[in-house]
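Visitor: The chain contents come next:
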Amino acid sequence: MRPADRALLALAAGICGFALCFVDAARLRSAAGPDEAERTRLVAQLRLTDLALFTEARYTRHPSQADLHSAFQDHPLALEHFPTGSLISPPAGSLTVGAGATAGREEGAAK
Amino acid sequence: MKLWLAKQRYLIDFTLASLARRKTRNLGLLFVYTVLVFMLASVTLYTHALRQEAARVLAASPEVIVQRMVAGRHDLIPPGYMERIGRIRGVQKMEGRLWGYYYDAVTKANYTFMVPAENPPAAGEIIVGPALERSRGLAKNNGITFRSYSGKLHSFIIADVLSQASELVSADLVLMSEQNFRAFFDYPAGHYTDIALSVANPQEVRNVAVKLAAALPDARPILRDEVLRTYASIYDWREGIVLALLSAAILAFGILAWEKASGLSAEEKREIGILKAIGWETGDVIKMKFWEGLLISLTAFLAGFVAAYVHVFHFAASLFEPVLKGWAVLYPRFQLTPHIDGLQVATLFFFTVVPYAAAVLVPIWKAAITDPDSVMRG
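Keeping their order, the protein sequence lines are chains A and B. The first sequence maps to residues 1 to 111 in my numbering. The second sequence maps to residues 112 to 489 in my numbering.
Hints may be right or wrong, so weigh each one.
To be clear about the criterion: a stretch of chain B counts as covered by chain A if any three or more of its residues have a C-beta under 8 Å from a C-beta of chain A, and this derived list gives those stretches [as the list claims (entries may be wrong)]:
1. 190-202
2. 336-343
3. 390-397
4. 404-412
5. 464-471
Calculated cross-link-like contacts (lysine to aspartate or glutamate; reagent style DMTMM-like; alpha-carbon spacing at most 25 Å) [what the hints assert, rightly or not]:
6. B/Lys-251 / A/Glu-38
7. B/Lys-251 / A/Asp-35
8. B/Lys-134 / A/Glu-38
Hints in this document: simulated from the structure, not taken from any laboratory. Treat the numbers as computed from the prediction; the structure is a model and nothing was measured. For every residue, glycine included, the Cβ atom is placed at its ideal position computed from N, Cα and C.
Isolated chain A, as found in the complex (with noise of 0.2 Å):
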């Protein structure tokens, strides 16, 4: 076989296992739609707001319930706990120039 012939029928390899991601994530969904669903009832069933990811604080087990104030809620200038804390983001605005810290906040916990 030329290497012309070997090196299309390898991008053509790629391109099939590329192709069968799309298939094989089609399958997987189908394959989860029974667990979807029943998260779905539980979450309509009991009226939850948020994902049960990060339970180490009150504004990170309900990010979107959260005090207007966090994560700087235990006093004004305190710093955050926990690594989840500081990896959700800042509210929006508070990292313009200029923009107030408490005007950002309230508009990023508003969100």
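Using the hints provided, position chain B relative to the given structure of chain A.
Guide: Then chain B, alone, in the frame of chain A:
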């Protein structure tokens, strides 16, 4: 057409022979290129799947949650508050929610205690989340005792454990009856933690929130859209952090690829000069180099993407999981459902394959239009 195809095959043959003459350098480039695509694709696939998971699951959350604020802090909803909300037009249904946090010194973790609105457990019984079951080694019909904030001990029987499938939303939940909840937290009668509202017309949700804020200045309405945006922004931020950490690697690769693609070595220049001298046209030289760029960048893209897909969805993204998922004492175990965003893949393709293929062509075109003699002499 047949002739054109035969010509391309010969060009590819020649390109491969040319690449093989600098085997180590080209294989090294291909490896680094593939690893870079793998890292970028892993991060984007993982965060997109997490964002989608959060969006789909939380689409069933309440349309509006109303909190009451006192001195800037979330406070209990007093009796009579719900009646005032009920007078606002557009509010279809409202329910007071009872939930709170409990710190368990045994596992050093926070649990979320909650009273389900439908089918609550009987008095003295609780239903626990799967992560809590694991961390405390519990099973159905076991007993468990919690010390309340007032210092009293409260014993419960585990009536059931929530399903593993729901762990992403229920890992740390403890469901109990209203009577037990109020006794445990010393909750005053008629008070609630917050209120879940449903609105008759989904288009009117924002208007209802505005009316709420006007009628009850101490109320803080949180819309479902805002909840979904919060989760989207958390993962956007995490994806950004990882990409920022990877930016040094991306930059290093950019320099390497640019140096390789745009600066022709004396050997390559001589090769082009010889090709021109034996009768190759400028177009042929450019086509040959185009194939070189395409073969390297396309191979790297395809191999990197497929490896990233397998890594994220079949090996639980073990390389990036700690940064992207975060951590907690009671972290839920869950398998991500693959959702591949076509636009993201196209963007990744455009920013990894196209610049390299283009960067290869410019210097070749410059060398190919120069006189063969002067190119060979350097």
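Visitor: Mind listing which of the numbered hints don't hold for this structure, in increasing order?
Guide: Hints 1, 3, 5 and 8 not satisfied by this model.
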